[in-house]
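A.B. asks: Keeping the supplied structure of chain Z fixed, place chain G upon it in accordance with the hints.
From first to last, the protein sequence lines are chains Z and G. So the first sequence is numbered by the UniProt record's numbering: it starts at 1 and just counts up by one. So the second sequence is numbered by the UniProt record's numbering: it starts at 1 and just counts up by one.
Which stretches of chain G does chain Z cover? Using the computed rule of at least three CB atoms under 8 Å from a CB of chain Z, they are:
1) 153–161
2) 272–282
Simulated coverage check for chain Z against chain G, where a stretch passes if three residues somewhere in it have a Cβ under 8 Å from a Cβ of chain G:
3) 150–163
4) 182–194
5) 201–214
6) 218–230
7) 278–285
It should be emphasised that the hints constitute simulated quantities derived from the structure, not laboratory data. Note that the structure is predicted; figures quoted are calculated from it, not measured. All residues carry an ideal CB built from backbone N, CA and C; glycine is no exception.
2 protein chains.
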Amino acid sequence: MPETFDLGRLVLESGASLPVRLGYATHGTLAQDGGNAVLVPSYYTGTSSSYLPWIGSGSVLDTDRLFVVAVDMLGNGVSTSPSNAPEEVAGPRFPVVTVRDQVRAQRRLLDALGVRRLRLVLGWSMGAMQAYEWAVTYADDVDALLPICGAARCSPHNHVFLEGVRAALTADPAFRGGRYEFPPVAGLEAFGRVYAGWAYSRDFFHLGTYRELGYPSVQAVLEGWAADHAALDANDLLAMIDTWQSGDVGRGRAGGYEEALRGVRARTIVMPSTTDAYFTAADSEAEAALVPSAELRPLWSELGHIAGRPGIRAAETATIARAVRDLLDG
Amino acid sequence: MPETFDLGRLVLESGASLPVRLGYATHGTLAQDGGNAVLVPSYYTGTSSSYLPWIGSGSVLDTDRLFVVAVDMLGNGVSTSPSNAPEEVAGPRFPVVTVRDQVRAQRRLLDALGVRRLRLVLGWSMGAMQAYEWAVTYADDVDALLPICGAARCSPHNHVFLEGVRAALTADPAFRGGRYEFPPVAGLEAFGRVYAGWAYSRDFFHLGTYRELGYPSVQAVLEGWAADHAALDANDLLAMIDTWQSGDVGRGRAGGYEEALRGVRARTIVMPSTTDAYFTAADSEAEAALVPSAELRPLWSELGHIAGRPGIRAAETATIARAVRDLLDG
Numbered sequence: 001m002p003e004t005f006d007l008g009r010l011v012l013e014s015g016a017s018l019p020v021r022l023g024y025a026t027h028g029t030l031a032q033d034g035g036n037a038v039l040v041p042s043y044y045t046g047t048s049s050s051y052l053p054w055i056g057s058g059s060v061l062d063t064d065r066l067f068v069v070a071v072d073m074l075g076n077g078v079s080t081s082p083s084n085a086p087e088e089v090a091g092p093r094f095p096v097v098t099v100r101d102q103v104r105a106q107r108r109l110l111d112a113l114g115v116r117r118l119r120l121v122l123g124w125s126m127g128a129m130q131a132y133e134w135a136v137t138y139a140d141d142v143d144a145l146l147p148i149c150g151a152a153r154c155s156p157h158n159h160v161f162l163e164g165v166r167a168a169l170t171a172d173p174a175f176r177g178g179r180y181e182f183p184p185v186a187g188l189e190a191f192g193r194v195y196a197g198w199a200y201s202r203d204f205f206h207l208g209t210y211r212e213l214g215y216p217s218v219q220a221v222l223e224g225w226a227a228d229h230a231a232l233d234a235n236d237l238l239a240m241i242d243t244w245q246s247g248d249v250g251r252g253r254a255g256g257y258e259e260a261l262r263g264v265r266a267r268t269i270v271m272p273s274t275t276d277a278y279f280t281a282a283d284s285e286a287e288a289a290l291v292p293s294a295e296l297r298p299l300w301s302e303l304g305h306i307a308g309r310p311g312i313r314a315a316e317t318a319t320i321a322r323a324v325r326d327l328l329d330g
Numbered sequence: 001m002p003e004t005f006d007l008g009r010l011v012l013e014s015g016a017s018l019p020v021r022l023g024y025a026t027h028g029t030l031a032q033d034g035g036n037a038v039l040v041p042s043y044y045t046g047t048s049s050s051y052l053p054w055i056g057s058g059s060v061l062d063t064d065r066l067f068v069v070a071v072d073m074l075g076n077g078v079s080t081s082p083s084n085a086p087e088e089v090a091g092p093r094f095p096v097v098t099v100r101d102q103v104r105a106q107r108r109l110l111d112a113l114g115v116r117r118l119r120l121v122l123g124w125s126m127g128a129m130q131a132y133e134w135a136v137t138y139a140d141d142v143d144a145l146l147p148i149c150g151a152a153r154c155s156p157h158n159h160v161f162l163e164g165v166r167a168a169l170t171a172d173p174a175f176r177g178g179r180y181e182f183p184p185v186a187g188l189e190a191f192g193r194v195y196a197g198w199a200y201s202r203d204f205f206h207l208g209t210y211r212e213l214g215y216p217s218v219q220a221v222l223e224g225w226a227a228d229h230a231a232l233d234a235n236d237l238l239a240m241i242d243t244w245q246s247g248d249v250g251r252g253r254a255g256g257y258e259e260a261l262r263g264v265r266a267r268t269i270v271m272p273s274t275t276d277a278y279f280t281a282a283d284s285e286a287e288a289a290l291v292p293s294a295e296l297r298p299l300w301s302e303l304g305h306i307a308g309r310p311g312i313r314a315a316e317t318a319t320i321a322r323a324v325r326d327l328l329d330g
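Just chain Z, same shape as in the assembly (with noise of 0.2 Å):
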């Protein structure tokens, strides 16, 4: 079950400031040197229950050995997001929150845990924004780091493929500038639509995989992504790509991105999917030749970008156990 976590008002990098409320679970137990613990930042529309499928005991990330910590990202309806938030900053007052702010807000977590440093953050797609973003911000304190599916900052072709989603949903006229009363259902359905198409790969549609993972035919992915984002709340999936596009290690500081992941003092495995068609492969390498200690292992399959996502097949699945142990033993 997930608990929440008040840490009063935190100023924002933007300088708004925000009251934040942390939704987190944590399985396992804290060693009495607290050198056991794991952080899992939450991934666009999932929250800190996601990881399960890798939490357990034996399981990738082991609840024998480990603490593991996993938090829901503000914006993703558990912890203080658009939807929930007090009347001051609910809906389209909400401020933009970046992956920094994120990392700043799951510090002050941990530091009510009495978890000191890291043993691991790994995360999948915007989770492994946000773990990489703690190896740079906290590059004392993370020992190792396994981003899956994500990257250390937002590429342009990402920023371009997210705002055409925001485009789908905000051309319905229902969504009323973030003041509707009735969720924009045929903007939401068109933003599942549109997502579709770039969460998998050409591979993954021309082989039929989608059969796999449930869905008789290709309409029936279709239609199961505008069911699915239909239920969601518009104003937090916009927040949530508000702090997607902010993501970059670099901002701000001196000697820019480069200098930022130069900086990276974790043992890191950095794991693209080889067929992810906005967290590319391509920008992976990129990353992995900056980052010091970092190895490149890609996950190859054809599931695209969804190909890290817990749970969701069990030869990634060993794949991103076998980069766990490695970091851990390493």
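C.D. replies: Okay, now just chain G, sitting in the frame of chain Z:
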């Protein structure tokens, strides 16, 4: 100046009947023996004029030697389209016109022009889909085939991409199921923004290639695509998507897609862009392996799908010009 050819009513694959007027332009002079005709069918949002950068004395399609027929695809706003059709088939009443229907209409035009066989059919994007259909439907009458950034059928991933842009447009209630009085501008702009992410490549944005195309920034690319599409007719855009999604040289034919491609007799150069996100190089490779005399000759370019667009860039044009020469002289 485009001319028009009125071919009366055409019974479509669907059984519907459409009064067909084709826009077209000819360049050069048909040889006495009729042996110098080249056909170039138009592409999505293009017209018969779009190929002009390749047409002229000494150009890629040399009008000193060749008789070039450039034809407007049905639905493109010049030939019979939702936006200009007689009331009975106007707007949302416009029937689905398949790629095969397009080619059958074009055959009637060539008959009227006295062209019996084609030295070469080439096209970019949807123009390539029509070129493939020509080489299958009229295998005995096509000497050479050059599909550029296109395919012999619409792949499932390509279909999903198109459902995304369709959804972005139709989510705007101003579209009114196609019965709009005023253009659904928000939907058209969203359509353009979503499309922009697919048209180019990761490297196009990463390397800043957009500047070479006159866009000062990534934001300018998005705004340019939004503005360009706001000026287009929504029903025309959707009619051409219907055509695009219908593309399959094997549909309704014994032996299907593979046998259809094995039956192509034209000398063929299949020319994908190495970074095309929807008419992928992988699909082209598979198709080149099926067409008996085909050579796969990729356009190595970071321009994504746009790599093969007429006049886009000198290096890509040179590769295309060489392929035309090799096919005509081979």
